[in-house]
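Number of protein chains: 2
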Amino acid sequence: MTRNRDRHEGPESRRSVGWVKAQTLRLADATNPLPLEIGGSIAPVDVEYETYGTLSPAKDNVVLVCHALSGDAHVAGWDADAEATGRPWRQRKPGWWDAVVGPGKALDTRRYFVVCANVLGGCYGTTGPSSTNPDTGRPYGLDFPMVTVADWVQLQARLLDALGIPSLYAVLGGSLGGQQVIEWALAFPERVRKCIVLAASARLSAQGLGFNAVGRHAVTHDPDFRDGNYYGQSSPDGGLAVARMMAHLTYLSGKGMDDKFGRRIQDGAQAGRGFNIEFQVESYLDYQGRSFVERFDANSYLYITRAMDYYDAALRWGDGDLVKACARIRAQVLVVSFSSDWLYPPEECRQFSMALMRNRIPVNYLNIRSDYGHDAFLVEAETVERLIKGFLTTAPPDTTASRCARKGGCTQC
Amino acid sequence: MTRNRDRHEGPESRRSVGWVKAQTLRLADATNPLPLEIGGSIAPVDVEYETYGTLSPAKDNVVLVCHALSGDAHVAGWDADAEATGRPWRQRKPGWWDAVVGPGKALDTRRYFVVCANVLGGCYGTTGPSSTNPDTGRPYGLDFPMVTVADWVQLQARLLDALGIPSLYAVLGGSLGGQQVIEWALAFPERVRKCIVLAASARLSAQGLGFNAVGRHAVTHDPDFRDGNYYGQSSPDGGLAVARMMAHLTYLSGKGMDDKFGRRIQDGAQAGRGFNIEFQVESYLDYQGRSFVERFDANSYLYITRAMDYYDAALRWGDGDLVKACARIRAQVLVVSFSSDWLYPPEECRQFSMALMRNRIPVNYLNIRSDYGHDAFLVEAETVERLIKGFLTTAPPDTTASRCARKGGCTQC
Chain A
1 MTRNRDRHEG PESRRSVGWV KAQTLRLADA TNPLPLEIGG SIAPVDVEYE
51 TYGTLSPAKD NVVLVCHALS GDAHVAGWDA DAEATGRPWR QRKPGWWDAV
101 VGPGKALDTR RYFVVCANVL GGCYGTTGPS STNPDTGRPY GLDFPMVTVA
151 DWVQLQARLL DALGIPSLYA VLGGSLGGQQ VIEWALAFPE RVRKCIVLAA
201 SARLSAQGLG FNAVGRHAVT HDPDFRDGNY YGQSSPDGGL AVARMMAHLT
251 YLSGKGMDDK FGRRIQDGAQ AGRGFNIEFQ VESYLDYQGR SFVERFDANS
301 YLYITRAMDY YDAALRWGDG DLVKACARIR AQVLVVSFSS DWLYPPEECR
351 QFSMALMRNR IPVNYLNIRS DYGHDAFLVE AETVERLIKG FLTTAPPDTT
401 ASRCARKGGC TQC
Chain B
1 MTRNRDRHEG PESRRSVGWV KAQTLRLADA TNPLPLEIGG SIAPVDVEYE
51 TYGTLSPAKD NVVLVCHALS GDAHVAGWDA DAEATGRPWR QRKPGWWDAV
101 VGPGKALDTR RYFVVCANVL GGCYGTTGPS STNPDTGRPY GLDFPMVTVA
151 DWVQLQARLL DALGIPSLYA VLGGSLGGQQ VIEWALAFPE RVRKCIVLAA
201 SARLSAQGLG FNAVGRHAVT HDPDFRDGNY YGQSSPDGGL AVARMMAHLT
251 YLSGKGMDDK FGRRIQDGAQ AGRGFNIEFQ VESYLDYQGR SFVERFDANS
301 YLYITRAMDY YDAALRWGDG DLVKACARIR AQVLVVSFSS DWLYPPEECR
351 QFSMALMRNR IPVNYLNIRS DYGHDAFLVE AETVERLIKG FLTTAPPDTT
401 ASRCARKGGC TQC
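As given, the protein sequences belong to chains A and B, one line each in that order.
Counting in the working numbering, the first sequence runs from 1 upward without gaps.
Counting in the working numbering, the second sequence runs from 1 upward without gaps.
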């Protein structure tokens, strides 16, 4: 177990993709709006995305990365436009998965053309609740339509179409990004060769729904929320900070927190004084809350957590039966869970893998021992990098040969 | 496993203690203030408490119950003064541990004299932040001094003195109540014969500290909080509701929530509509938040969770060494943890038991299989009742005889 998240390679490093610039494409307009899963459609839709590496002449080297709840399209390298686009925090560190994407890394940019797009409803350049509603000329706010994981994947497919990319060599992501990977495998079975699902299952648990609900409650009951019409005024930072602090607790494990913070008192603080920050863990959570509100829009938090709530692969593709749903999948799949993850617990990731196995889809399932909880998919970068590299460079197994040869069927496969 | 929490016996039932009335005693005044662990003292201090059963002539049948964070002294029976004291919610159900306290129950009121007192800093009649500060004539608010688990136990000892009770046959409680039991065993070793610690350990984990911190953050950042001076005005209900909703998630287990709510949609709701209540789990949490603010004071929530944070038996009595701390204990101890409790996980309860064993203190440790999480100490009433009954009616073992007879010492005990 090695913590790689904080090991930054500078933009000049041989292993960094260096300075990068996001691009934006209009992928839906009045004549070609984007239909939405829950109903209706939306236009215009602009998508901000980044790419790393070079598209091969055969266009067969494309890897799509799907970002998680608070992630973005800035996966690797250093944002050349950080200042110009008002995202100063990007000057302090490279993209969120820089440990995995770059020359010689698992997603080797000398070999693969890596693409990542900001999700619909987010706040990083792709159309979202802070964008202008063409009907009113003002920001959408809560008039933004409800969007889903399926919509995100449809929009990513439009992006690939626009870039002239017929199919993906691989699609991968962790957490909510992993759910997009599952949806890719289901919605476009012929367009995906390999899928990597990290720390994600086919649907969120009741406990996960509960935490999302409390986080949204904190946002929507902040007096500055004003039914989502807070743009140009004070924003519901207090509520959003509480939501983020709480969510952060679900990203860590009890053991991991005991190891990292224990009951240690913050430097300069004195225990027993009252309600200010005293324990180190309080300081950590406070920082997470404060830094998040600087870079995230409260309305986007509502929409994205709701999309996370709604995603249910079995319901969408198999009338509630996950095995039936997975029958559509044609890709080779790698599923990785982490032992101390309680947001997407190993057992639920295993259930998804089992549904694949029952359809004789080639799947590798690994449960990695880690004390980093859900965050392990980012923190255990060395392990994850090794697994991705191995999976992407191995030819898919001959699924015909792997079929069970027992006469009269087998209860185990 | 039987859920007994919602099985109410009416006040006329043979197994109910019937109608009860709380009593109040002034236990500290200007001439005899209560010294506080962290420093200073407080006066006056009034304590509201309830008793059930009859004190024996020998005064040897007293059982003290210690309540948890949001509990109170109204342990059993029906509050005859519910309306008069402005606590209408007590008209709907009996005391919080009615399943355990009453004629023929584990704390058999035909045999034991059961006492429970509201904690200092709370909001149920015992002096707290909503009480009048004698220095200003106004409610204390955040001028209320910081109080600790140790202070609560000292005040409970004063109550026993006032009632002429020299010692306790038993003291018991769950969660934060269980931590009071541990402190009783340590602070008054000669005054306690039997201790029952349910779903509690000798200190809160980093994760527990984190959840408390986020809950307090939600309260103190509510605009209605006004630095705690909200009495007579709108109170920070929004923040307190968020704190309670989140805390409730820590009282349940993932498995328990999947069984109870799953991803089911609330009757009358339609999925995919937005940010109102759709899933059953959202409805449940919303109810928990709304009902809590009707009956709890936000400042008390701050003080009590902080006391929970601060309690560390090893630090207080053993320079950080729990085995050394526990050497003081003379009582026979029963420790019960619950397999799916992640607020006070079984492993931490076991560690406390091990510290007792290493001191050759007679201890029974049981980890009960349950999917009810931390709440199991209340929900698994039948199991808990049986354990309490057995433990209270069994003579303590001859500790001399149970000493290890191996020559040269034994590495296992």
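Think of the hints as simulated: they come from the structure by calculation, not from any bench.
Treat the hints loosely; a few may be bogus.
Since copy identity is lost for identical chains, a pair holds within one copy or between any two.
Simulated pairs of lysine to aspartate or glutamate, EDC-like, Cα-Cα distance not exceeding 20 Å [what the hints assert, rightly or not]:
# : residue 1 : residue 2
1 : 324       : 224
2 : 93        : 135
3 : 21        : 9
4 : 255       : 312
Every value quoted in this text rests on a predicted model; they were computed, and no experiment measured them.
Status of each hint after checking the structure:
| no. | hint | verdict |
| --- | --- | --- |
| 1 | 324 / 224 | neither (46 Å within a copy, 52 Å between copies) |
| 2 | 93 / 135 | neither (38 Å within a copy, 53 Å between copies) |
| 3 | 21 / 9 | within (17 Å within a copy, 69 Å between copies) |
| 4 | 255 / 312 | between (30 Å within a copy, 18 Å between copies) |
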